[in-house]
Each structure stands twice: as structure tokens, then as C-alpha cells.
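Turn these sequences into a full structure, and let the hints steer you where they fit.
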Amino acid sequence: MKNNNLKAWLYLLPAFVFIGAFLVYPLIDVLIYSFEEGYNFASQTYFGTGGYNYSYVLHDPYFLKALKNTLILVGVTVPLSTIFSLAISVALSSIEKLRNLFQTVYFLPYVTNTLAVGLVFMILFNQTPYTPGLVNTVLGVFGVEPIDFIAGPYWAKMTVLCIYTIWVVMPFKVLILTSALASVNETYYNAARIDGTPKWRVFRKITLPMISPTLFYLVITGFIGAFKAYSDAVALFGVDLNAAEMNTIVGYVYDMLYGNSGGYPSYASAAAIILFAIVLTITCINLLVSKKHVHYN
Amino acid sequence: MKVTLKSLTKKFPSRNKKGEEVIAVNNVSLDIEDGMLIGLLGPSGCGKSTILNLLSGLLKATDGQIFFGDDDVTGLPPESRGVGLVFQNYALYPHLTVRQNITFPLENRRGKDKLTRDEMNEMALETARLVQIDTLMDRKPSELSGGQQQRVAIARALVKKPKILLLDEPLSNLDARLRLQTREEIRRIQRSTGITTVFVTHDQEEAMSISDLIVVMRDGIVQQVGKPQEVYDNPANLFVAKFLGTPPINVFNGEVRDGKLYIGDEAILDTSLDNCEVDVAIRPEGFELSENGGLTCELSRVEVMGRDVSIVATHTAAHTPTIRAIIDSDNVISTDSVRFDIKPSKMFVFDKSGNKLTL
Chain A
1 MKNNNLKAWL YLLPAFVFIG AFLVYPLIDV LIYSFEEGYN FASQTYFGTG
51 GYNYSYVLHD PYFLKALKNT LILVGVTVPL STIFSLAISV ALSSIEKLRN
101 LFQTVYFLPY VTNTLAVGLV FMILFNQTPY TPGLVNTVLG VFGVEPIDFI
151 AGPYWAKMTV LCIYTIWVVM PFKVLILTSA LASVNETYYN AARIDGTPKW
201 RVFRKITLPM ISPTLFYLVI TGFIGAFKAY SDAVALFGVD LNAAEMNTIV
251 GYVYDMLYGN SGGYPSYASA AAIILFAIVL TITCINLLVS KKHVHYN
Chain B
1 MKVTLKSLTK KFPSRNKKGE EVIAVNNVSL DIEDGMLIGL LGPSGCGKST
51 ILNLLSGLLK ATDGQIFFGD DDVTGLPPES RGVGLVFQNY ALYPHLTVRQ
101 NITFPLENRR GKDKLTRDEM NEMALETARL VQIDTLMDRK PSELSGGQQQ
151 RVAIARALVK KPKILLLDEP LSNLDARLRL QTREEIRRIQ RSTGITTVFV
201 THDQEEAMSI SDLIVVMRDG IVQQVGKPQE VYDNPANLFV AKFLGTPPIN
251 VFNGEVRDGK LYIGDEAILD TSLDNCEVDV AIRPEGFELS ENGGLTCELS
301 RVEVMGRDVS IVATHTAAHT PTIRAIIDSD NVISTDSVRF DIKPSKMFVF
351 DKSGNKLTL
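Protein chains in written order, with the numbering used here: chain A, 1 to 297; chain B, 1 to 359.
Source of the hints: derived by calculation from the structure; they are not laboratory data. Note that this is a predicted model, so its numbers are computed, not measured.
List of simulated lysine-lysine pairs, DSSO-like, C-alpha gap at most 27 Å:
#	chain 1	residue 1	chain 2	residue 2
1	B	Lys-140	A	Lys-291
2	B	Lys-6	B	Lys-227
3	B	Lys-112	B	Lys-160
4	A	Lys-68	A	Lys-228
5	B	Lys-352	B	Lys-260
6	B	Lys-163	B	Lys-60
7	B	Lys-60	A	Lys-199
8	B	Lys-163	A	Lys-199
9	A	Lys-292	B	Lys-140
10	A	Lys-199	B	Lys-112
11	B	Lys-11	A	Lys-97
12	B	Lys-227	B	Lys-163
13	B	Lys-242	B	Lys-356
14	B	Lys-163	B	Lys-112
15	B	Lys-60	B	Lys-161
16	B	Lys-18	B	Lys-60
17	A	Lys-97	B	Lys-18
18	A	Lys-97	A	Lys-199
19	B	Lys-343	B	Lys-356
20	A	Lys-97	B	Lys-17
21	B	Lys-161	A	Lys-199
22	B	Lys-346	B	Lys-356
23	B	Lys-260	B	Lys-343
24	B	Lys-346	B	Lys-260
25	B	Lys-160	B	Lys-140
26	B	Lys-160	A	Lys-199
27	B	Lys-343	B	Lys-242
28	B	Lys-161	B	Lys-140
29	B	Lys-60	A	Lys-97
30	B	Lys-114	A	Lys-199
31	A	Lys-199	B	Lys-140
32	A	Lys-199	A	Lys-292
Pairwise CB distance ranges (calculated):
#	chain 1	residue 1	chain 2	residue 2	range
33	A	Leu-108	B	Asp-72	43 to 53 Å
34	B	Asp-72	A	Trp-200	25 to 35 Å
35	A	Trp-200	B	Gln-65	29 to 39 Å
36	A	Asn-100	B	Leu-357	50 to 60 Å
For each residue, glycine too, the CB sits at the ideal point set by N, CA and C.
Set out below in C-alpha cells:
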């Protein structure tokens, strides 16, 4: 028995070492930095401890802007992308011809580089002196005045960012949901058919509960992913996100670390810890809610 | 509800483009009287489950017609046929309680048939009492034993008062003991509801024990229809004779020569048949030990099974390496070879293509 225990620890060691060195230690380190005022990487010095970093970050208008942007992004893209992917997956599962073709088409964005796609989006939405851009041209057909999506009003930029994010995260969700739908045992549907169950009720009462673990997984990872959004905004609006009013929390952390040729690792740490706390809270709420609505067989 | 199948045929397209289509059910005609319990019996792939799915409407017939009473239901979708189907794996919704599973079909009713929650619960409880699961109403299927799940599945099929009840291999997922119990239970439920029931099985004992009528099938073709005992006592062909009965029937190569039926060199009995090669099939209980018996076999071993004794012997003309005879246990065997008299009622003679011959 004792021998076995020793062996077990030995097998676990590599994982422990890696998680400890690259996850637990940095996390604790960040937590410590966040309470050390004016920490300097070069001299490894700081001039005090306390909650000042948090107070600064929480009163920093740039952080509040980034927080607002992130919350809007999360609140809009997670539900919408999940619902759209579900609709697409259900549609994909119910067609037979060309299913593989469509599956490939829907999966393409996943294997495409974020920045390249960002460029494409910029071209779609961008206004130049020569052209109003493709999207504005299409909108013009419906009598909508041209909108400057890339450098114009806040809501226009936010719309582009949301559409872009949804478009980028959907392929993975479609892929996972399509396989979840395919794994639902056919006899449940046959049983429902024999009983004359309307289609909508089959979907709500059988399909949804059966794929609920997968949906739940996608919602949780979706929330976490959306809270960590940064590269999408850079792809669309360039590196100076504060100027574009499109910064996110991760963007703020990055700016605090590397922006202005200096770096305020203490503020960055505090912001990172705040983000961590938000994600943790949301995930816990998700877990609590899921207990009632997710059915593991 | 009387059920009639008229030259029902189901063909499945072949998987590859070159291959021939598979005929799962071939020109099957069948009359099922109201209130009967019918066992569709046959080896795997004989088309029995396909017939069940055609009855339920889950599959569309390629040809032929199905009547429920006087109504032609061939073109009707499953939901308009009013059938209850119990699936082989029960297909209970795992996220719903027993009560919710049973009321599920009732909740689909719309318009003037719409029921109140109280009415639904009342009907569910009534049906649950019938199958004796009324104390388990708030459990999930995963908290039930196989036998209990089976009952829930039957309750769910019965609660909407279907015209006919279909059971697909109802006992195959149960252990031997539960199987005996459940088949009695199915019989009891069928009797007390009086509902016309069709069930599919590959287990002849199961079919024989509870059916009013058994339908023996092979390769999509009905071999014989009849009461279990009749089919057993009077099989239409060699396949049916071999398929029914445990231990299985013993088959010998035989020959008719000059008005006598021979197995090997021994004449067994007189016959009016012309000279020909035949297969002689003898039920294990058709042997009687006799010092002057017509059939001599080499004794391999004797298995004592309490009431009966099973004699395992060999014979050069037998199709199988050993043959098995069941005799009363008061017989004492001490020699190396045994001689049997054959009971004519337990012996069947078939021509070489398997058709029955009358002696």
C-alpha cells in the first residue's frame, strides 16, 4: 500500500511540477504584486503594501471603460454565439446532402488566423475616401446612411467587435454541438415519434436535456474566453485600444505591463486579480445554475 | 383491434451502389385476432423486428398493406396509428422521472383531447398500478432495476390506451430469473388489458411460453403460424423443427427403401413413401429405451437432471456429433450401446430440401 502511494506520487509529479511552476506560483506571485505598491521589475523594489493598487485600478477611467467593454462583449457574444451555433448544428444535423461540405465551411474560421480575419473584417466594415465599404454599401441598399464602423461612434465599433467575436468563436461550438447532437440515441426520437410528439417539444424536452452537459461546457468556456478577449479587438482596431475606446480588461493588463515604455506591474496585477475574481464568480454561478438544468446520464 | 398484414414487403437499398437490395420482409400475410398475444420468432436478421417497425409506422412498407381493424394504416405516420411500442433498450428519457416518462405521451395531446395535469397524473398512476411500479413514480430511470425500467416502458406505451402494443425483444436485457418473472408479467398485463399485442423474440422458449400464436420466420419469409404446441408438434419444415425445442431436435440422414424407413442400416418403421433420401428428425423426448429397439446408438455419457435423464450418444447417420435423448430417470443404463424405440408422434421426416413428408 505504502509502495503504491509512492508510485502514485511519482506519476503525478510531472503534472504537479508544471502546474506548480507555471500556474500556482505565478498566480500567488501576481496576488502578492497586487498588494505591493509601485513594484519595479528592474530593481525588484516597492515602496509599500496595501490595497492602493486596487483602489487606483477601480478608479481608473480606462479600467472602467475596459470593464464595461468586456462585460458588454461577454453579455452579447456568449448567449448569441451559443444560440446561433445551436441553430446551425440542429440545421446541419437535419440535412443529409452536402452536410460534410457545410460542416467544413462552418469550421473554416476556426483554422484561420485571428489577425487575418480581423483584416478581412476591417475591409468589410472600413470606410475609405474611395468606397463606403462592403457592409455600408449593402446597408445603403436599405436606405441606411453610411456608418463609420472602425473609427466612428462607440456603438458601431462595439457592434463590429461583437459580430467579429461571435463569428470567431462559433465554429468550435458548432463542431462540438454537432457531435453532441449526433450522439443522442435515435430510439429516443423514435419513441417520441410513436407518441406523436411535436417537433418543438422533442427539441425542448429530449434534445436539449440530452445535450445539456455539452451546452453547459460551451457556456462556461464561452464566458471564460470572452472575459479574456483581447486579440480580437487588436485585430480590428489596432494596438492603441484606449484611443479607440475598445480596450478590454486583458488589454488594460497588457497596457499596464508594457505600455508607456514603463510598466506598472502592480496595477496590472491588481487588474488581473479583479478579472480572476469576476471569472471565478461567474463560473461558480454557472455551476450552481447548471445543477438544476444539466442532466448527466 | 384486429390486425391484418396483406403481402407486406420491405426492401432496404443496398449499402453500396452495385449490391442488390436486401429484402427484409418478403410477402408476409398474417391475420391477428383481437386481443391476442403474438410472438414473432426467428433467428437474427429474419425480419421480425422489421415487421414490428412496419406495424409501428417507423418504417414505410415497400409493398403490401397493413390494416388495423378495417382501416388501412399503411400510409399513416406513427403518431396517427395509435400504437404503443416498447423498445428493446426501453428508451426511457433518462432526465425525466418515472411519472414524467409515463405522462410524456399524454402531454402531446392538443385541442379537445388536451388533458389537465390532474387527469394525466391520475392516468399515469392507474397505469403504473397495473404494472406495479406505483411506488417508484418519483425516481429517475437510472435508479431503477432492469425489470422496473421494463415496466415503466410498458406503462409509457400503455398509458395512451393504444390500439395495439408492440414489444421489441422485451426480455433480452433481463437476467434469466427476471426473464421468467417478466414474461409472466407481460402475459398478465396483456390479459388484464385485453390489448392486441405483438412481440418479437429470438428465444423460442420465451415465445412458446406466453404466446397465443407464434409466427416463425426465416429470411423475411413466414415459415409457420400456429399455436405454440401445434407448431412444436407439427413443424411445417426442418427449419421450424430445428428452431423450436430445447434441447434441440436430433436430425439423422435417412433413406426410404422398399416401404421401410432406414436410419443407417436399421429399419425404423414402415412407410408408404417412395424410395428417396430423407432427413429424419426426432425430438429428445421421442426416444424410449428398449432392448429390442430399432435404433442403436453408441453411448457417450449420461446426464442426470433430477426428474429426467439425458442420454448423450453418437450415431454415424446423425447430422450433429452427438444426439440427445431424454428419458425417465428410473431407467438404468449399463451397456456401451443403447437401443431405442421411436415414438412416431415425436418423429418427423423431411425431404432433402426441408419440406415435411407424411409417412
